[in-house]
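Enquirer: The primary structure of each chain is shown beneath.
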Amino acid sequence: MTKVTMTVNGKSVSAETEGRTLLSAYLRDGLRLTGTHVGCDTSQCGACVVHVDGKPVKSCTVFAQDVAGADVRTIEGMANADGSLGVIQQAFQDHHGLQCGFCTPGMVMSAAALLAENPKPSEHEVRHYLDGNICRCTGYHNIVKAVMAASGQDVSALAAE
Amino acid sequence: MPKDHGIGASSKRREDIRFLTGKGTYTDDMNIAGQAHAVMVRSTVAHGRIKRVDTAAAAAMPGVLAVFTGEDFAAVGGNPAGWLINSRDGTPMREPKRPVLAHGKVRHVGDAYAAVVAETYQQARDAAQVIADDSEIEELPAVVNMAAAVANASNRVHDEIPDNVCYDWGWIEDNRAKVDAAIKSAPHVTTLELVNNRLVPNAMEPRASIGEFFPGTQDYKLTTTSQNPHLTRLLVAAFVLGIPENKLQVVAPDVGGGFGSKIYHYGEEALARCAGRRNAASPSCRTRMAETT
Ligand code: FES
Ligand code: FES
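Chains D and C supply the protein sequences, listed in that same order.
Letter by letter, the first sequence follows residues 1132 to 1292 of the working numbering.
Letter by letter, the second sequence follows residues 209 to 501 of the working numbering.
Isolated chain D (complex conformation):
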């Protein structure tokens, strides 16, 4: 067992790991940050997306020891300082971009990474960027709408579903 330290949501944290401990397990089991979900464990669904040094990664595909010392951000770190919903989270609620909520943390983290790279994405760009995030409930329309609304664009003409 090796103690791995990193910064998660602005706080320095550490937990015991084996060489095979995945970042997703480090967060969920080691730190009890269970907002990061594991839907497939095989890099396909995107429910486990977190930011590592500002880049979106599927945490089920990263060894915790490989990101020792990194700056990690999870869904638990996305609300405003006063606890209210952040802009993207609020847009998901306003546009009904979630149902069961299981894919939602990964969607919000991917969307945040997209808007950091590309503050005014087109609908096509949103769909393309969220390619690695699967949602079984919503049919995606309202997720795309929420992300575009969060970027400050008028979404009244987007297909509502």
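FYI, nobody ran anything at the bench for these hints, they're computed from the structure.
Where is the CB? At the ideal position from N, CA and C, for every residue including glycine.
Among these hints, one or two may not hold up.
[As the list claims (entries may be wrong)] Across the chosen pairs, the derived CB separations fall in these ranges:
hint, chain 1, residue 1, chain 2, residue 2, range
1, C, Ala268, D, Asp1197, 28 to 38 Å
2, D, Asp1202, C, Thr328, 24 to 34 Å
3, D, Val1144, C, Thr328, 53 to 63 Å
[Claimed, not checked] Away from chain D, derived, C-beta distances all over 10 Å, residues of chain C:
hint, residue
4, Arg257
5, Glu346
6, Val352
7, Phe422
8, Ala446
[As the list claims (entries may be wrong)] Using 27 Å as the maximum straight-line C-alpha spacing, the simulated DSS-like pairs for lysine-lysine come out as follows:
hint, chain 1, residue 1, chain 2, residue 2
9, C, Lys429, C, Lys455
10, C, Lys259, C, Lys313
11, C, Lys231, D, Lys1142
12, C, Lys231, D, Lys1134
13, D, Lys1186, C, Lys231
14, D, Lys1134, D, Lys1186
15, C, Lys220, C, Lys305
16, C, Lys313, C, Lys429
17, C, Lys231, C, Lys429
Following the hints, put chain C with the ligands in place on chain D, whose structure we already have.
Expert: Frame of chain D, contents of chain C with the ligands only:
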């Protein structure tokens, strides 16, 4: 104008805030004090005879608390079909036993034939791999669709069902004369083969269960990814394990989609409840593979 209060008002979903902030409570998010972890040993072949399941080495591995095989559940009930159908001749459908863990034969890729309960998930996984290595399953030819199952009736999926037919049911067959007459008098007849696909829902949240046993009252609690906890309680208590229903509480916390697949009761749920009793710990089973079978 939409109303903003009272009956008919549009209201925000109460669950959204916790889901959007990572504070939902799905079954696998829970961690009960002393919780142990169960991992299934699953078939890698579509059809096979279980020749040997040797659990001795796995049972001696670090952290392993209990090992189960199909043998342990041979005396209890199987997971019952939710809907009983009579064949056209009035005979009830022939329902084979669907055991908690496969016994004698495995019948699909992913069919669980053993399970390990250990202090950590990784320990349970390691031991499950050892059981897989120490087991011998003789692969048998498989029938993988309905037409093939009927055409190859000598290749029995369930040894006790000779023609691979569970029930024979059909509106057309029941109304053959009328159907023939209608087709005969039709101005145009098209012939085509229609295949009804097998339907397999795949929710984003994999199935998981936590079984707890309270020795003081002899009560059980099953927390599980269920769309239908009442039915699960009935099935686990009355049909599979034969315990009074009032001794079993079934809780469905936040559920990450189901689409019908989580209406049913699964063997892992009965196992979680048993493992809870045997160890006075609370195993949770988490695996994605069960979803695809
Ligand atoms: S859990 Fe990581 S991609 Fe599905
Ligand atoms: S909201 Fe259920 S999977 Fe996306």
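Enquirer: Determine for every hint whether it applies to the structure shown.
Expert: Right, here's what the structure says about each hint:
Our hint of 28 to 38 Å for C/Ala268 and D/Asp1197 holds, since their Cβ atoms are close to 33 Å apart. The hinted window of 24 to 34 Å between D/Asp1202 and C/Thr328 holds, with their beta carbons roughly 28 Å apart. Between D/Val1144 and C/Thr328 the Cβ separation comes to about 20 Å, which falls outside the hinted range of 53 to 63 Å. Once the 10 Å rule is applied to beta carbons, C/Arg257 is consistent with being away from chain D; the minimum gap is 30 Å.
C/Glu346, annotated as away from the interface, keeps every beta carbon of chain D farther than 10 Å; the closest lies near 29 Å. Interface exclusion of C/Val352 from chain D stands, the closest Cβ pair being 23 Å apart, more than 10 Å. Every CB of chain D is more than 10 Å from the CB of C/Phe422 (nearest about 24 Å), matching its label as outside the interface. Annotated as non-interface, C/Ala446 keeps its C-beta farther than 10 Å from every C-beta of chain D; the closest such distance is 29 Å.
Note on C/Lys429 and C/Lys455: the hinted pairing holds, with a Cα-Cα distance of about 8 Å set against a maximum of 27 Å. Only pairs whose Cα atoms come within 27 Å are accepted, and C/Lys259 paired with C/Lys313 is accepted, the gap being roughly 9 Å. The hinted pair formed by C/Lys231 and D/Lys1142 meets the criterion: a straight-line CA distance of about 18 Å does not exceed 27 Å. The hinted pair formed by C/Lys231 and D/Lys1134 meets the criterion: a straight-line CA distance of about 26 Å does not exceed 27 Å.
Our distance criterion of 27 Å between C-alpha atoms is met by D/Lys1186 and C/Lys231, whose separation comes to about 23 Å. With a C-alpha separation of about 24 Å, the suggested pair D/Lys1134 and D/Lys1186 falls inside the 27 Å cut-off, and the hint holds. Under the criterion of a C-alpha separation no larger than 27 Å, the hint pairing C/Lys220 with C/Lys305 is inconsistent with the structure, at around 46 Å. Note on C/Lys313 and C/Lys429: the hinted pairing is violated, with a Cα-Cα distance of about 30 Å set against a maximum of 27 Å.
The hinted pair formed by C/Lys231 and C/Lys429 meets the criterion: a straight-line CA distance of about 23 Å does not exceed 27 Å.
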